[in-house]
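Residue 320 in my numbering sits at position 256 of the sequence shown, and the numbers go up by one each step.
Worth flagging that the hints you see were computed from the coordinates, not collected in a lab.
Misleading hints may appear alongside valid ones.
Quick list of simulated restraints, FRET-style, between CB atoms [to be verified]: (1) VAL272 x PRO247: 18 to 28 Å; (2) GLY134 x THR298: 40 to 50 Å; (3) THR159 x VAL300: 39 to 49 Å; (4) ASP296 x PRO235: 20 to 30 Å; (5) VAL355 x ALA100: 18 to 28 Å; (6) GLU138 x SER237: 48 to 58 Å; (7) VAL355 x GLN229: 15 to 25 Å; (8) PRO140 x GLY338: 55 to 65 Å; (9) ASP131 x SER237: 51 to 61 Å; (10) ASP296 x VAL190: 21 to 31 Å; (11) GLU138 x VAL288: 51 to 61 Å.
Keep in mind the model is a prediction, meaning the values are calculated, not measured.
Using N, Cα and C, we set each Cβ at its ideal position, and we do this for glycine too.
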Amino acid sequence: MAHADFFAPIDSQSITTRSQWSNAARNFGEGVGRNADGSYGLAVTATTGRVVAVSAGQALVNGLWGDFGGHTLEVPNAHASLDRWDLAVVELDGTVGSETMQTKVISGTPAATPVRPGLVYGSGDVWQIAVAYVLVPAGSANVLASHIGDSRHQIGRALALQRRQRTTDQPISTAITSTVVFPTSAFSRGDLTWSHSAGVITFSRAGVYRVSTGVQWVSNSTGVRFLTLVFDTTGVSKDRRSADGASEGGPPPVLVEAAVNSTVELTAFQNSGGPLNIAGVASTFLQIEAVHLD
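Make a model of the complete structure from these sequences and hints.
Pasting the structure below:
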């Protein structure tokens with residue numbers, strides 16, 4: 065048996081520093097809190113010109129809590145000829161003695177193919193969470209509703225990332241293990257934007273994630289089919305089916321503890337004697353949920 069080195073808050077021992085509280089309270093979760101009416105606040109909406117409105121709401125960032133009234137933010141002017149992604153965030157500056165929490169807009173870099181700006185997370189005691197991405201088209205004078213992407217993470221709820229599914233059939237050669245390739249657009253939600261190359265997804269932030277998948281094979285009456293979720297080059301969840309190619313299935317969902325640059329992919333194997341297609345339908349998909357972010 066071993067006792068905790070630090071145990072608080074109780075009558076005889078209290079939390080006395082901000083860092084102690086942050087270390088404890090960050091385990092409660094992080095993101096946007098629920099308002100008294102049950103809604104989630106800090107929603108970003110278009111108004112007029114380059115001004116966006118932020119609804120009243122609460123946020124928990126690195127264990128510290130902020131309560132905001134409704135307010136507005138101004139998105140910087142557009143570049144004359146290049147598009148840009150901006151990011152609306154809640155930012156905590158945890159500098160001891162001058163702690164602040166505020167909303168702000170971070171401008172990305174104008175480019176022919178712009179990239180969403182990343183978050184500061186623990187650099188110089190600054191921590192940020194995303195509430196919305198804003199597309200700023202070249203030469204535009206107004207922020208439209210269609211330019212705003214909700215990026216809020218609700219405290220205590222898994223963060224469902226954009227589900228990817230195949231829309232066309234993918235042939236799988238016989239007796240060769242192949243990676244199932246999903247659309248090339250990035251898996252992203254809020255501050256989580258993961259690169260995606262030839263079916264292999266790379267994590268940009270450490271944490272615990274739930275990975276789920278499903279596949280529909282095109283009908284064939286011979287051989288067996290194997291599907292494997294591969295995490296950091298090791299198979300962690302498998303599905304084996306006999307000659308029942310039209311059936312839908314997949315490896316059971318799995319929790320993985322990812323580091324930055326960890327990878328996940330879905331591989332397929334079949335030995336029917338010739339190429340066999342994985343169907344491009346809604347039931348052929350890969351989805352990732354963030355359960356806990358480090």
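At the C-beta level, are PRO140 and GLY338 separated by a distance inside 55 to 65 Å? Once the Cβ atoms are compared, 57 Å apart, the range 55 to 65 Å for GLY338 and PRO140 holds.
Outcome for the supplied range 51 to 61 Å, where the beta carbon pair is ASP131 and SER237: Given a distance of about 58 Å, which is inside 51 to 61 Å, the answer is holds.
Starting from the range 48 to 58 Å, see whether the pair GLU138 and SER237 falls in it by beta-carbon distance. 55 Å, holds
Has the hinted range 21 to 31 Å been met by the Cβ atoms of ASP296 and VAL190? Between ASP296 and VAL190, where Cβ atoms are some 30 Å apart, the hint holds.
Using the Cβ atoms, figure out if VAL355 sits within 15 to 25 Å of GLN229. 22 Å, holds
Quick check: does the Cβ-Cβ distance between VAL355 and ALA100 fall within 18 to 28 Å? Given range 18 to 28 Å: holds, Cβ gap about 27 Å.
Quick one: are GLY134 and THR298 within 40 to 50 Å, going by C-beta? 48 Å, holds
Assessment of proposed distance window 51 to 61 Å (beta carbons of GLU138, VAL288): 60 Å, holds
Could one say that the CB atoms of THR159 and VAL300 fall in the range 39 to 49 Å? Given range 39 to 49 Å: holds, Cβ gap about 41 Å.
Is the gap between the beta carbons of ASP296 and PRO235 within 20 to 30 Å? At 27 Å between Cβs, range holds.
Within 18 to 28 Å or not, the Cβ separation of VAL272 and PRO247? For PRO247 against VAL272, whose Cβ atoms are near 25 Å apart, the range 18 to 28 Å holds.
Going down the numbered hints, you'll see the structure goes against none, and every one checks out.
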